[in-house]
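Residue numbers (our numbering), protein chains in the order written: chain A, 1 to 266; chain B, 1 to 266; chain C, 1 to 386; chain D, 1 to 386; chain E, 1 to 195; chain F, 1 to 195; chain G, 1 to 69; chain H, 1 to 69.
Source of the hints: derived by calculation from the structure; they are not laboratory data. Be aware that one or more of the hints could be misleading.
With a cut-off of at most 25 Å between alpha-carbon atoms, the simulated BS3-like pairs for lysine-lysine come out as follows [as the list claims (entries may be wrong)]:
#	chain 1	residue 1	chain 2	residue 2
1	C	K8	E	K146
2	C	K8	E	K154
3	D	K8	F	K112
4	C	K299	C	K197
5	C	K307	C	K375
6	D	K299	D	K273
7	C	K8	E	K155
8	D	K349	C	K349
9	F	K167	D	K8
Chain C stretches covered by chain B per the calculated footprint, using a threshold of three residues with CB under 8 Å from any CB of chain B [said to hold, decoys possible]:
#	stretch
10	12 to 23
11	219 to 230
Derived Cβ-Cβ restraints for the label pairs, each shown as a range [to be verified]:
#	chain 1	residue 1	chain 2	residue 2	range
12	C	D353	E	K155	34 to 40 Å
13	B	E246	A	E177	32 to 38 Å
14	F	G48	G	E35	22 to 28 Å
Keep in mind it's a predicted model, so treat the numbers as computed, not measured. Ideal placement from N, C-alpha and C gives every residue a C-beta, glycine not left out.
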Amino acid sequence: MALQDYIRSRFFPHIWCVGCGHGTALNALLRAVETLGLDPSDIVMVSGIGCSSRMPGYVDFHTLHTLHGRALAFATGTKMSKPELTVLVPMGDGDALAIGGNHFIHACRRNIDITAIVLNNRIYGMTGGQFSPLSGPGVVATTAPYSTYDPAFDVMRLAVGAGASFAARGSTYHVVELQQLLVKAISHKGFSVIEVLSPCPTHFGRRNQQGDSVEMLEWLKANTAKLGSKAAEENPELITRGIFVEDERPEYCEQYERILEQAREG
Amino acid sequence: MALQDYIRSRFFPHIWCVGCGHGTALNALLRAVETLGLDPSDIVMVSGIGCSSRMPGYVDFHTLHTLHGRALAFATGTKMSKPELTVLVPMGDGDALAIGGNHFIHACRRNIDITAIVLNNRIYGMTGGQFSPLSGPGVVATTAPYSTYDPAFDVMRLAVGAGASFAARGSTYHVVELQQLLVKAISHKGFSVIEVLSPCPTHFGRRNQQGDSVEMLEWLKANTAKLGSKAAEENPELITRGIFVEDERPEYCEQYERILEQAREG
Amino acid sequence: MTNKTNNKIAFVQGNEVCAEAALYAGAGFYAGYPITPSSEIMEHMARRMPAMGRRFLQMEDEIASLAAIIGASLTGHKVMTATSGPGFSLMQETLGFAIMAEIPCVIVNVQRGGPSTGLPTQAAQGDVYQARWGTHGDHAVIALTASNNQDLFEMTVEAFNMAETYRTPVIVLIDEVIGHLREKLQMPDPDELEVVKRLRTAVPHGVDYHPYLPREDGRLPMSDFGDKHRYNVTGLYHNMWGFPTTDPGVIDGLIHHLIDKIENNLHQITRYKEYYLSDADCVLISYGCSARSALHIVKNRRQRGMKLGLLELQTLWPFPAGLVREKCSGAQHIVVVEMNMGQVVHEVKRAVDHPERVYLANRVDGEFITPTNIKNVLRVIMGRGV
Amino acid sequence: MTNKTNNKIAFVQGNEVCAEAALYAGAGFYAGYPITPSSEIMEHMARRMPAMGRRFLQMEDEIASLAAIIGASLTGHKVMTATSGPGFSLMQETLGFAIMAEIPCVIVNVQRGGPSTGLPTQAAQGDVYQARWGTHGDHAVIALTASNNQDLFEMTVEAFNMAETYRTPVIVLIDEVIGHLREKLQMPDPDELEVVKRLRTAVPHGVDYHPYLPREDGRLPMSDFGDKHRYNVTGLYHNMWGFPTTDPGVIDGLIHHLIDKIENNLHQITRYKEYYLSDADCVLISYGCSARSALHIVKNRRQRGMKLGLLELQTLWPFPAGLVREKCSGAQHIVVVEMNMGQVVHEVKRAVDHPERVYLANRVDGEFITPTNIKNVLRVIMGRGV
Amino acid sequence: MERCRLVFCGSGGQGIVTAAIILAEAAAIHDGLEAVQSQSYGAAARGGVTRSDIIISDSEINFPKVVQPNILVCLTQESFTQFYSILRPGGLMLLDSDLVEPGMRVEARQYKLPMQRTVQQEIGTNVVLNLCMLGALLCLRPVVTKESVLEVVKKRFSERFLQMNEKALELGWSLAQESAPSSGDQRGSAPRPTH
Amino acid sequence: MERCRLVFCGSGGQGIVTAAIILAEAAAIHDGLEAVQSQSYGAAARGGVTRSDIIISDSEINFPKVVQPNILVCLTQESFTQFYSILRPGGLMLLDSDLVEPGMRVEARQYKLPMQRTVQQEIGTNVVLNLCMLGALLCLRPVVTKESVLEVVKKRFSERFLQMNEKALELGWSLAQESAPSSGDQRGSAPRPTH
Amino acid sequence: MPKRTIADVRINSLWCKRCGICVHFCPREVFVSGEDNLPRVRALDRCTGCRLCEYWCPDLAIEVLIDDE
Amino acid sequence: MPKRTIADVRINSLWCKRCGICVHFCPREVFVSGEDNLPRVRALDRCTGCRLCEYWCPDLAIEVLIDDE
Ligand SMILES: Cc1ncc(C[n+]2csc(CCOP(=O)(O)OP(=O)(O)O)c2C)c(N)n1
Ligand SMILES: Cc1ncc(C[n+]2csc(CCOP(=O)(O)OP(=O)(O)O)c2C)c(N)n1
Ligand code: SF4
Ligand code: SF4
Ligand code: SF4
Ligand code: SF4
Ligand code: SF4
Ligand code: SF4
Ligand SMILES: [Mg+2]
Ligand SMILES: [Mg+2]
């Protein structure tokens, strides 16, 4: 199927701002789904609330736009009840890791075969630019006019610490790599987390001297490096991209099949 | 002050079962507080709901018995509003990491100077023996009659992944060590997590062939080893005890003082 | 039912009855988080569901539990979760989602003493208004209750039926006494009680399916996630395709639909029992565990010639005001018996012609209301002191 | 107030007024989680509090926000959080804790369209009953509202005063229109409005202090965590020392205390405004943003000689039923104007002598109710069509 | 059959509730009677006082709690102290003679039997104290038939524990057969709440 | 003073709301009038149609929304299409001639001024389009004094942006002075909701 | 590898939000920013068909048409 | 190091729940399980004053009294 066949084109142009990274992330995700040749009727996309969470409106899958922070909990029910479905969960950084942090770590722990896509713009976009648990210190936000002092989560460390069997980070500048990471994340049997560095020019860029989307992409280009690359080794300040963990661990729904068998046998 | 001066002896004997590890944990905690010579009027103990959460009733500190899973959120308000207080938060494994997981990771991230004591009995004691996110696979519980298949969190990995600056694990068999770990945890400037392996003979031991409290302590003796010890290296199956991380990181309330200054200056 | 014997009579706890009835009604998916005094429902499901090839899940909290069953309902399962006051309070936001997105599901609240942690192991009926108004924004809900095992079985099956019929969450509001009381249950035969199936759309693949367009009869056929119709589900105001809208006309239509589909079917939704009402000049109105004490005193006083009757409500929401008015029309005194500071009594006052004749017999100290407690109120009303 | 000028008149948004009033009342601690349409309250606090040496905290969610301010109230601070429907639904369990443990705190709910995510940026008044009944178990609450900046300032200060006086959470229930409307505010002088201080115990160290033993006048003096009196706070039923109990007598006493301390002070808690009521034969009853439209039509019709009056409620809970009955005693028609499917209208019907004369003028499509909408209802009532 | 109201009380681990369920189930399922059973726990999480109410009758049972039992069984001192006064005057009280020391006169037929000591000696464990108690009770007041109770016991216990429980039941029966009420005092000693 | 009802509409980034606040604040604080200001955003998260309502009056303002404005300012085509019809017949409509192409006749005094183009040329940025619009508006209909607006502008903007904004205001004023209504058509073209 | 001809690089002007990303980042500087900032293909012949612009575009507004022979 | 005499090892029988931990784990086997499983000190002279029993006791029921000279 062509890319156009995976979207609900009647709703385009989408509501995201000029140059919003979430659009590029959607672009990469669609190409990953296309690459995998998935049937849209086999895919469920579940989201919470936030700019990123508007993604389901644009894809022609089964789509479920839920509550702020709760997407993974809904998705767990969907997947457990019909394990043959491919379940994709785009989330904002606040959505995934402020209010939704508990469902995030429990999904990692269970290792249920869902792909969580954390669209990290380091800000609450939808509500107008409050800081998030991924903003990190020194960021100016509407709720941090004197700049933040809250330390940030490292999504990769947190996911791994919680037991995720696949964790990767990409950026909307590195689009081809991003698409490949998404292909791997979706193909992975078990819970996969993929963090996408996705600029919010409207609320983050403007307030934090990062400028518009072009400048923010330049920033991503300059401030990230491939995991294990020389650049990364030489400059530990750089944000690393790539696959942080890729383990084979028993998948949750498959484990439940074993319980079903055991129970049937008595 | 003597140990007896830190407790509300009128409520003893306490409500915990025969041989419950939570009693031993309380014992060690009181001795740690005694060792540090803290004034009980400077200590606030905040708990959630569960057997472990009954601890505040027995200590003659300022005590706050809150809601299941929310102790750290209440405690954060207490500490932020009066940073000179020593804030101790005993929690059950379900309390801390099932329903309370989000507050747990955010407290780790913020690095607020609170001591979280996770009384890990691998079961929901108070409600009668359902499994917890620390039970791990192969455990029989009232909600897992065919035995669990849910993977467990590793509290230490999770705490470190979330950014905790102090994380340690002890057991109620290794009581002297436990008291020392608690002294270090309370003294640590920043958020400290201490996981205490604390047997629940009533609901875990009985159902899982671990027997009574004596046998469960024998189990802890045989199945744990000091971090970095030869035993631990030789047998990776052993649960390790000791300090997993002890970092110096800016403390949250102190950081806020900086914001106050900045704001005052204009 | 582990201890079921011949003749399909079992001696079981209310909580087990509730779970077993859910299985009878076709519950294919359960997710929950334990809490006293509801945990036995979950524990029963944990034992029974895997053996029946159905799916059981313990979640990290009550919010996740309700979210998970909603996610599972959309793939075509009948679903349930159970909790008690504190957990039910936590569920309020997610409950509103299920109402807005019209997701069939059953939520059991085994009430205990509140507010807050309150009295975890003791009886109360303090969550009646919460069941109606706990989530934000205008909405309507269905809440059923029962006072004994046999009724509880039927009402739980009804809850599933109504959830499917009206595409809405249905609350089964029982209490600690009923949840933990063991008594007989005559287990119905497989076809004995009506079981409403999930209504699935007949619209073939390729033809536009409208998930939020009611049929002539008011029902909205569903399509399972994973089938060929792909649509959107959201907690925002939405149009007949399920996509967000801020069109005032569509919004107005949706909120009216959400309320009307329930309140206009009050008649079909109302379940109740009556005892000695035909000639009663004093009508007791009660529900759940309290109705047992009420019935006790009614029978007792009837033996002494007092014209006492009982209206036992099984549908609490939408409140059957017309029924109450009708049944109380000849009564000199109306006494609502409930274990709270007065909740259903307010609805009764609104329903009847003479609110000044409505009294409350209640108890709020954690102990089960006794026939003597009710008797004392009756004496006072009759002007005879206590 | 960033844009305050001479004469202390500012041109500001309702949300900023609410925040500024909280600071005036002495709020020393704020914790919150952003949500439309309340976020400006939090943002204003983020800017102002550090500069005043007070403490501001952004938490991980609404549950944590309310929990944090309760934890801070116990150390002796006046505290506040603000949210909107979805966040308020999430707070219900924790709200019940504050009620049970008698913790002074102020919770602002800037209402938006519900249920569920609903209409995040649009106006509604659908959370009135939720404010009363959202948490499980019996309880009582205070909820205040306002229709313009000046009143909002006063009501917010009152909310803090009542929270301290009655040791209870107080809900400030405004709406998107009021929260986002900019108009003048005459900023009161520092001593102009009464500010009730935290009442601290006079019991000296060493003498037994009873945190839950009301004084003669019904108030319960507090002691700060960190001071010399060490006591226990719990969400379980507890005795006068704050320790859990299952003693039926103590339980009964506590639940009655929690309700009576508020309902018996209805008179002191009631705030309202009235316009042209003395000779009105049609009384409009309204509150919050709707009251502005109601007042508009009242003034307009008065010019045409119609005897229309307005009772504007500022205290919604405990519901001032006596006041409503009194003010409506001479009215032929009573019209409740609100932006929901009918909430306060039910309370009004219960309050007045002739419920059949009570009508509802409402709007639920996300648009602000206009004078024309009300006029149309009035025409119908008068038998003149629309 | 006259309506029979029983209260069993003791501490958490003594199997009070199981005994109550067995009794009520025997009545309801095998003896064709109506029966309800419920329980309550004290404030303590575990190990506190446990109480179970049973009503057995040949007609419908509405109010399911026992206010004044005509049979009261106490297996700990604490539970005795808490509940002795609710027994209906002239009712039957069964105590374990080693676990409970009444200390005050109760207006009832009081039986004190060394049940725990006996099962410990004869079976080597006290986990079957509850069945022993049930055996004694049935001998003293045959509210249901022993056969019905045995039926329920058979269904509830696995092979491994079945024999032990059956034996305990018989032991209790024998103990009771040999006994006589230890206190025939018919006067009340303290005001009794009528609720 | 007659009650004046204004609606400003355009897209997210154009500073519509700021202009509205400045105008209303000038009236309320400096001209001793009553004023209310509110805004609403379209469904789109950002960049959609933004609308701000202002009422200015010498008496108390209760109903704060504008149903039929007597002044309507449109700065995008989309907002024009959505709102042109609510203008009160005979009212004043101000448009940016490069951003909006009316395409239909409106029963109003219509002013089309090249505001965006002018600020871009003269000041080198279009972020001050809103102040330019305000200047033009004040010249056409002096609902508040220019001095009051300048006071507010002074208070709101830092040194860095102040001059730019003042200049834009003046530019707008001049543009309007030179202009004449481009459409004097007094007949409505489409049914207009009266709300 | 088959020979590739770049048939066209199409911009959907209704979806394009004029962010300028394609203009700025195309490695071959195929685009210029046209009137109203709409990108315009100024040198199709320079295009290598790398599709990066297609991938980057946040609005799914670019289509690179390649004839594979 | 001053000479230490173990003055007493006291069991609070009202608090002790008879778990047997002290009896089982005391390295010097100072306790025996007495009547009703209440631990009884049978050999105070063997006690080294290590206090482990005091630390282990889940019920805070043991006090080891040491005279430091
Ligand atoms: C329970 C609840 N609390 C708060 C909100 C308000 N809210 C909506 S989206 C959002 C955060 C958006 O930030 P993020 O998750 O990072 O997504 P983004 O918009 O940046 O893509 C918030 C706080 C809500 N809708 N529900
Ligand atoms: C919101 C809410 N959900 C559930 C419960 C019921 N509950 C009380 S304690 C508990 C778990 C206890 O387990 P844990 O936290 O491990 O503590 P433990 O008792 O084992 O020490 C649960 C589920 C509750 N009180 N509140
Ligand atoms: S606000 Fe930020 S995240 Fe939201 S659409 Fe705009 S650029 Fe994207
Ligand atoms: S149930 Fe378990 S955790 Fe709770 S008191 Fe008993 S032994 Fe301890
Ligand atoms: S990247 Fe896309 S949206 Fe941006 S200018 Fe180019 S075509 Fe337009
Ligand atoms: S395909 Fe590559 S070279 Fe061609 S226009 Fe796009 S980015 Fe430029
Ligand atoms: S360890 Fe403590 S509770 Fe256990 S037997 Fe010894 S003294 Fe008693
Ligand atoms: S102090 Fe040490 S040696 Fe002495 S009794 Fe206790 S454990 Fe045994
Ligand atoms: Mg974000
Ligand atoms: Mg536990």
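Restraint check for K8/C with K154/E, where alpha carbons must lie at most 25 Å apart: Roughly 18 Å separates the two Cα atoms, so the pair holds.
Restraint status (C-alpha distance of K8/C to K155/E at most 25 Å): Since the Cα atoms of K8/C and K155/E sit roughly 15 Å apart, the hinted pair holds (cutoff 25 Å).
Whether chain B covers the stretch 219 to 230 of chain C (at least 3 residues having a Cβ closer than 8 Å to its Cβ atoms): It is violated: at least three residues are needed, and the stretch 219 to 230 of chain C offers just 0 whose Cβ sits closer than 8 Å to chain B.
E35/G and G48/F - C-beta distance against the hinted 22 to 28 Å: holds (23 Å)
Restraint status (C-alpha distance of K349/D to K349/C at most 25 Å): Holds, at about 11 Å.
Restraint check for K299/D with K273/D, where alpha carbons must lie at most 25 Å apart: holds (15 Å)
Straight-line alpha-carbon gap K299/C to K197/C, limit 25 Å: violated (39 Å)
Cβ separation of D353/C and K155/E, checked against the hinted range 34 to 40 Å: Since the Cβ atoms of D353/C and K155/E sit about 54 Å apart, the hinted range of 34 to 40 Å is violated.
Outcome of range test on Cβ distance (E246/B, E177/A; 32 to 38 Å): 37 Å Cβ-Cβ, so the 32 to 38 Å window holds.
Hinted pair K167/F and K8/D, Cα distance within 25 Å: Violated, because 29 Å separates the two Cα atoms, which is more than 25 Å.
Given pair status - K146/E, K8/C, alpha carbons within 25 Å: holds (22 Å)
25 Å limit on alpha-carbon distance, applied to hinted pair K8/D and K112/F: Roughly 39 Å separates the two Cα atoms, so the pair is violated.
The structure is inconsistent with the numbered hints 3, 4, 9, 10, 11 and 12, although it conforms to all the rest.
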